[in-house]
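Protein sequence lines correspond, in order, to chains U and E. Using this note's numbering, the first residue of the first sequence is number 1, and each one after it goes up by one. Using this note's numbering, the first residue of the second sequence is number 1, and each one after it goes up by one.
Hints in this document: simulated from the structure, not taken from any laboratory. Hints are supplied without guarantee of correctness; some may be wrong.
Unchecked claim - Pairwise CB distance ranges, derived in the manner of DEER restraints:
1. 344(E) with 210(U): 45 to 53 Å
2. 350(E) with 339(U): 21 to 29 Å
3. 360(E) with 342(U): 26 to 34 Å
4. 249(E) with 276(U): 36 to 44 Å
5. 249(E) with 399(U): 28 to 36 Å
6. 30(E) with 312(U): 36 to 44 Å
7. 210(U) with 8(E): 33 to 41 Å
8. 2(U) with 252(E): 37 to 45 Å
9. 277(U) with 290(E): 30 to 38 Å
10. 14(U) with 6(E): 26 to 34 Å
Stated by the list, open to error - Subject to a maximum C-alpha distance of 25 Å in a straight line, what follows is the list of computed SDA-like cross-link-like pairs (lysine to any residue):
11. 267(U) with 360(E)
12. 248(E) with 135(U)
13. 267(U) with 256(E)
14. 385(U) with 319(E)
15. 267(U) with 362(E)
16. 337(E) with 35(E)
17. 385(U) with 254(E)
18. 184(U) with 156(U)
19. 248(E) with 388(U)
20. 385(U) with 360(E)
21. 248(E) with 379(U)
22. 343(E) with 278(U)
23. 385(U) with 322(E)
24. 385(U) with 249(E)
25. 248(E) with 221(U)
26. 385(U) with 248(E)
27. 385(U) with 256(E)
28. 184(U) with 135(U)
29. 117(U) with 133(U)
30. 248(E) with 380(U)
31. 385(U) with 34(E)
32. 184(U) with 396(U)
33. 248(E) with 25(E)
34. 343(E) with 277(U)
35. 248(E) with 386(U)
36. 267(U) with 359(E)
37. 385(U) with 240(E)
38. 248(E) with 384(U)
39. 385(U) with 325(E)
40. 248(E) with 184(U)
Where is the CB? At the ideal position from N, CA and C, for every residue including glycine.
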Amino acid sequence: MTDDFRERARSWLAANAPRRSSSEDDAESAGSAERVRTGIAEQQEFQARLYDAGFVGITWPKEYGGQGLTNAEQIAFSAEAREYELPVGAFVIGIGMPGPTILECGNEQQKKRYLPKMLRGEEIWCQLFSEPGAGSDVASLQASAVRDGDTWVLNGQKVWTSGAQYSDFGAVLARTDPAQPKHKGISMFIVDMHAPGVTVRPLRVATGHAPFNEVFFDNVRLAPDALIGEENRGWDAAVVMLRNERIAIGTMTQPRSSPLAYDSLRKLADRLGRAGDQGVRRELASLYAREQSVHLLGQLIREDAMAGRFPGPRGSVIKLAGAELGRYATQVAADVLGPQVAAADSDDVRAVQISIVAVPGGAIAGGTNEIQRNIIGERMLGLAKDPGVDRNTPFNQLRVGTQRSAKESS
Amino acid sequence: MTLILTQDEESLRDSVRRFVADRSPLTKLRDLIGSGQPYDADVWKQLSAQLGLAGLIVDEEHGGAAAGLSALSVALYELGAGLVASPLLASTLAAAALGSLGDQAASGALLPGLASGELIGTVAWQPAVTVAATASTAAGGCTLAGQLSPVLNGAQAHFLLVPANGPDGLGLYQVAGDAHGLTSEPLTAVDHARSLATVRLDGTPAVRLTGDAAAALAHVADVANLALAAEQCGAMAACIAMTSEYAKIRVAFGQPIGAFQAVKHKLADMQTGWELAYAALRAAARSGDETPGQFSAAASVARVMVSEPYFEAAADTIQLHGGIGFTWEHDAHLYYKNALSGKVLFGGPQDQLDRLAATLGM
Ligand SMILES: Cc1cc2nc3c(=O)[nH]c(=O)nc-3n(C[C@H](O)[C@H](O)[C@H](O)COP(=O)(O)OP(=O)(O)OC[C@H]3O[C@@H](n4cnc5c(N)ncnc54)[C@H](O)[C@@H]3O)c2cc1C
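Chain U on its own, in the form it takes in the complex (with noise of 0.2 Å):
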């Protein structure tokens, strides 16, 4: 059965998929997966050519557009996929974030209205949680949703959101009520990007390519079957969402081409005449061991939760293992390449450098190193929290980001 699927995916990506796109579009995969010169219009046409062929939302239930398979079927797909660079990065965060925040906190009518068309790739999403005040401590957010009949007015600002430039909806955390403690008077809402009231400016990142964006709300009207969840509960619905955020990004299956896995790195290295060196040859069998061990961590959570025991904080782990490999990727090609990475004279090596840069943005995106461990270590191990000083306080009486105080802000 499993064998069957996956002979099937491996003829059709033979068939459909190209092997590499553009070096440059490499280099902004590593935070986000964005590939946005492939062009958007060319994404989308392979995105409706892959779901129709079967591969797309293969462990989502049928009712919403998905395969209605198991995690066999993901696992073997995802293996097929790595020989190539599927043009779908535009697709990640919908799929991998409010899709399943959707599946599982959304009415049954946002769940018929809105999967099937995302995982297609006719209407593409982006997250909106972080503000210039909020990004660790997301629950600090400022934006807010004031009810209006039987809708929202929503305001406010947020920022580092990927996709936001091309997305048709967004998932928007919002506070409801600012009277009650951070955590408890937030709500998340389906925000429709085209909306009156919506401005999107690109930001620029490291690289010099511009893949998020800051997003202002000003008096955007709320569809009336906006609202994901319950109102005021919309922290429970932003930790699936984050929980699903970690597994996707960490079991994310990085491409054998791209410029910082072993394959490319050991190509560099061959041609360069660099693998004889034992130093070399050393960090290659490193990153080597390294990267499988990722992978195998990749498949062995959507195993165990094929067999009902599932990921939770183990989502953690291997978003924070991804980062770290990332970083020692960078020192591996680093010696690969001895100055050259410094100043590339030839594309693959000008795609080093370009993902060298990218990596920092891995340890940041979906919460940053730091908040994986504190995950790992309080919700895995079940070591003391921190004390979380402004758990019990009202919203309105708290100092976020960088405010000096709380006044200056209201």
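Starting from the known structure of chain U, fit chain E with the ligand onto it as the hints suggest.
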């Protein structure tokens, strides 16, 4: 290839775990240190005969369970977690060598004893160390000369498999533990759970085994990597459990020390290292049974992913316990010593990377 344990493997794990808790808790190791014995004979009898662990990778024809390398790794994981001293690793490697060689007579004579635990065997060899023994043939038969060190359970083995260079090139030779001209001298092992010796051969009668000696040694190195990775992964988990438990109950500056991020984050890194090592271990174990062509690389990966992280975790176990962790009475040093020894035996970290690089064609 499925990484998670099968039901059979889960029940094997549970019974070995129960056995370790009931029959061979860490206090047993402390008794051994006092007595000077390399291992507890009763524990060994129960391990081998009752639980059948000595025959896990021996085929049924020779009295084994033919349960495979994955089952072996599951058992060794639990024994490693409990630092159970036994000649299981030595005998298992001897069985692996015999299995690979396929010498009918030697297999028939030795494997049933290994499988039942009545015979203890060892392979007198460390990967990445040049073969030190030479073989010569005279009228009376074949003899070996040379010095081998360190040999796992070299002082207790009923027979040794010795690689030696002779007139026909490299061969694997069978030598009786009480053979003429063989002297073995116990070494001061840093790890109380591991018995090592220097073995000297001088005109010692030996039998050359048929089969591909180089391939057999390569297989021994792979099985040793898997076996040590399994033991170390279990021991690393024990360190993490011990340390996170302590971090919950030890209070300083008005809060449990686990609330301090310097402590919490170190433990989180230990846990992350363990998860990666465990995934690599499962893949190596399955590969040994299902995809032999990839076993060597997978076993190296597992060993690379656990040996050093376990050593670091054992050192941090002492560190995060503070003064009490550095005392003789505390168990932390037992793991620290075990980690040190396991890191360098059968190919240290750099040797492993060289081996892996070679397997990957570099
Ligand atoms: C490439 C990229 C893409 C992103 N995409 C999105 C997106 O699509 N949608 C979205 O909503 N957000 C997105 N983000 C934002 C990301 O989630 C935040 O940047 C991240 O959570 C950190 O928040 P911050 O930037 O406010 O840093 P801060 O929270 O201010 O952190 C600053 C430093 O303090 C440390 N720190 C904070 N709290 C603790 C603590 N309790 N213990 C120990 N250390 C702590 C952090 O680890 C960090 O080192 C993206 C970020 C990047 C880099």
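Hints versus structure:
no. : hint                           : result
1   : 344(E) with 210(U): 45 to 53 Å : 50 Å, holds
2   : 350(E) with 339(U): 21 to 29 Å : 26 Å, holds
3   : 360(E) with 342(U): 26 to 34 Å : 28 Å, holds
4   : 249(E) with 276(U): 36 to 44 Å : 53 Å, violated
5   : 249(E) with 399(U): 28 to 36 Å : 34 Å, holds
6   : 30(E) with 312(U): 36 to 44 Å  : 37 Å, holds
7   : 210(U) with 8(E): 33 to 41 Å   : 55 Å, violated
8   : 2(U) with 252(E): 37 to 45 Å   : 52 Å, violated
9   : 277(U) with 290(E): 30 to 38 Å : 35 Å, holds
10  : 14(U) with 6(E): 26 to 34 Å    : 33 Å, holds
11  : 267(U) with 360(E)             : 12 Å, holds
12  : 248(E) with 135(U)             : 28 Å, violated
13  : 267(U) with 256(E)             : 50 Å, violated
14  : 385(U) with 319(E)             : 21 Å, holds
15  : 267(U) with 362(E)             : 11 Å, holds
16  : 337(E) with 35(E)              : 19 Å, holds
17  : 385(U) with 254(E)             : 13 Å, holds
18  : 184(U) with 156(U)             : 19 Å, holds
19  : 248(E) with 388(U)             : 17 Å, holds
20  : 385(U) with 360(E)             : 44 Å, violated
21  : 248(E) with 379(U)             : 13 Å, holds
22  : 343(E) with 278(U)             : 20 Å, holds
23  : 385(U) with 322(E)             : 21 Å, holds
24  : 385(U) with 249(E)             : 13 Å, holds
25  : 248(E) with 221(U)             : 48 Å, violated
26  : 385(U) with 248(E)             : 10 Å, holds
27  : 385(U) with 256(E)             : 9 Å, holds
28  : 184(U) with 135(U)             : 17 Å, holds
29  : 117(U) with 133(U)             : 33 Å, violated
30  : 248(E) with 380(U)             : 13 Å, holds
31  : 385(U) with 34(E)              : 42 Å, violated
32  : 184(U) with 396(U)             : 12 Å, holds
33  : 248(E) with 25(E)              : 23 Å, holds
34  : 343(E) with 277(U)             : 24 Å, holds
35  : 248(E) with 386(U)             : 13 Å, holds
36  : 267(U) with 359(E)             : 16 Å, holds
37  : 385(U) with 240(E)             : 18 Å, holds
38  : 248(E) with 384(U)             : 7 Å, holds
39  : 385(U) with 325(E)             : 24 Å, holds
40  : 248(E) with 184(U)             : 28 Å, violated
In summary, the structure is inconsistent with hints 4, 7, 8, 12, 13, 20, 25, 29, 31 and 40 from the numbered list given earlier, while agreeing with the others.
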